[in-house]
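S.K.: The chain contents come next:
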Amino acid sequence: MKDFDSRWQKLVTAARQAPVAREETAPYGFATRVAAGAMCDAGPTVLAVFGRFSVRALWIACLLTLAGVAANYVVFAGSTGDDQNLIDPVSEVFTNAS
Amino acid sequence: MADETFDLFACLARVRQRDQSAARELVEHLYPLVIRIVRAHLPRRVAEEDLAQDIFLKMFTRLEQYKGAVAFSHWVSRIAVTTCIDQLRAQKRRPEFRWADLSEKEADVLDSVLTSDGAVAANDALASRELVYKLLGQLKADDRLVIQLLDLEQRSVAEISELTGWNSSLIKVRAFRARGKLKKLFQDLERKERK
Numbered sequence: 001m002k003d004f005d006s007r008w009q010k011l012v013t014a015a016r017q018a019p020v021a022r023e024e025t026a027p028y029g030f031a032t033r034v035a036a037g038a039m040c041d042a043g044p045t046v047l048a049v050f051g052r053f054s055v056r057a058l059w060i061a062c063l064l065t066l067a068g069v070a071a072n073y074v075v076f077a078g079s080t081g082d083d084q085n086l087i088d089p090v091s092e093v094f095t096n097a098s
Numbered sequence: 001m002a003d004e005t006f007d008l009f010a011c012l013a014r015v016r017q018r019d020q021s022a023a024r025e026l027v028e029h030l031y032p033l034v035i036r037i038v039r040a041h042l043p044r045r046v047a048e049e050d051l052a053q054d055i056f057l058k059m060f061t062r063l064e065q066y067k068g069a070v071a072f073s074h075w076v077s078r079i080a081v082t083t084c085i086d087q088l089r090a091q092k093r094r095p096e097f098r099w100a101d102l103s104e105k106e107a108d109v110l111d112s113v114l115t116s117d118g119a120v121a122a123n124d125a126l127a128s129r130e131l132v133y134k135l136l137g138q139l140k141a142d143d144r145l146v147i148q149l150l151d152l153e154q155r156s157v158a159e160i161s162e163l164t165g166w167n168s169s170l171i172k173v174r175a176f177r178a179r180g181k182l183k184k185l186f187q188d189l190e191r192k193e194r195k
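Those protein sequence lines, which keep their order, are chains G and V. The numbering of the first sequence is my numbering, which starts it at 1 and goes up by one. The numbering of the second sequence is my numbering, which starts it at 1 and goes up by one.
The following block holds chain V by itself, in its conformation from the complex (with noise of 0.2 Å):
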């Protein structure tokens, strides 16, 4: 996407006139798109690369749908994201979250975070991101995606809506839900810790 002289209506042209090469092109182009919205979405145990190449499909499957009325690269994300839910939706979550799931250092910075009122060492950052995934883990797809692009890639509700096509009372109605759970998730964990 760093590729400024990359001509997309020319190239997009070229694709419908079953050009291989311009598909190819196309897909180097809008690989670190794609590949983002998949590392940021990645079902457990589902390679990211195959997912991507899913949604490459489907692009290429669509692609006569593409009227232009909204950027391409939102149009692809959309694909990208609603690919990514429908994996989602697929897998089964985990039973249970418990404190053995954690790694030490994922376990330091919960504890941290449930007893301690200053924030979390900057250092403990992955092991930070690692922990929001596996409580993310425990939420529907939906409510999960939801969460994830709000509080973790901070997108606007009218964002959210223009990439998964729900509307905002859907988009409030999933967050509310999701921390609810989360809530409940943190009280469980603390009343462990205790133990």
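Isolated chain G (complex conformation) (with noise of 0.2 Å):
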């Protein structure tokens, strides 16, 4: 490993003495071209909007649905009482064919 680290920094001190001449400041319309991008993009977008007003439409559509079954509760419970008089046409045939 010291051979090959010795070797590595005689690549890696030779590489960082390269020069770095390249133009630093941004191209004409740069600055210009990623201001108006993100000005426009920071807005709310139509899907973050949408998932918001689904997630209120949900809590919405929960509550009146708990909201109709406490309002219809006595029908619900007492409904269960009449099935059992209700006349079974199964079982009638069944019983005037034997």
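Think of the hints as simulated: they come from the structure by calculation, not from any bench. All values derive from a computational prediction rather than experimental measurement. One thing to keep in mind: the hints can contain errors.
The calculated label-pair distances, taken between Cβ atoms and stated as ranges, are [stated by the list, open to error]: (1) G:D3 with V:K67: 47 to 57 Å; (2) V:K134 with G:A48: 36 to 46 Å; (3) V:D188 with G:V20: 26 to 36 Å.
Rough simulated footprint, nothing fancy, chain V against chain G, three-plus residues with beta-carbon under 8 Å [stated by the list, open to error]: (4) 5-15; (5) 23-33.
All residues carry an ideal CB built from backbone N, CA and C; glycine is no exception.
Dock chain one against chain two, each of which comes alone in its own frame, and use the hints as you go.
M.R.: Written out as structure tokens, the structure reads:
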């Protein structure tokens, strides 16, 4: 590893000497384009608005369902007792056949 | 970044109020910092301007999260480094490193590094840098970034930790793994050179 280290260090030392003479100012129009893009995109997207309203709608639907069940609880509870008094046509057919 | 008169905090306040000209000034002010990072870690086949644009757009999107705990330039550098590393992770590594992939100058430099004890000639610096980048291209994106920051940019482990968000143990493990891979690469190249 020591041998490798000295070789690698020799190579990177040489690499660090390479001149960096490239332009470092933003190309013409770059800053304007980026700034315009950033300022336009920053508002809430259609998808985000839809998502927020969807969650609200879900909560409202749940509350309405619960309110509906609560309001009609008496009807639901009473209907199970009445079912026992109903005539079962299938069993009647079997009874008459035998 | 050289503009001493630039009032960063006033500019940030204006950007937060959706001032487009302030946003443009901020981009122009930060461009040298961002483009240096982009050029140092640019993946193959990715245009540096596109990558710089992605970094600036991310910066504007996350601007509300900046609370001033660190220098703004550090905060932007971190966004730039993580964006570059995401791009590097997305690209596939070259399957094999071959002598045939090197230019004549790069092959000379590699030959000199492998066979002689002397330093590389000063006029071979550019070829050396290209060669280093080709060798680093064989590493995983995270390992490559660590070696590049440690050896080429001579950053400390603490600085790398600040830039990447990785803890120092992870950085050391990645550096060790990367050096192991580079060592194997050197050995393979040396064997091929002897043949």
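S.K.: Next, verify each hint and record whether it holds.
M.R.: Hints versus structure:
1. G:D3 with V:K67: 47 to 57 Å: 48 Å, holds
2. V:K134 with G:A48: 36 to 46 Å: 44 Å, holds
3. V:D188 with G:V20: 26 to 36 Å: 31 Å, holds
4. 5-15: holds (count 10)
5. 23-33: Coverage by chain V holds here, the residue count being 8 at a Cβ distance below 8 Å.
In the structure shown, no violation is registered for any of the earlier numbered hints.
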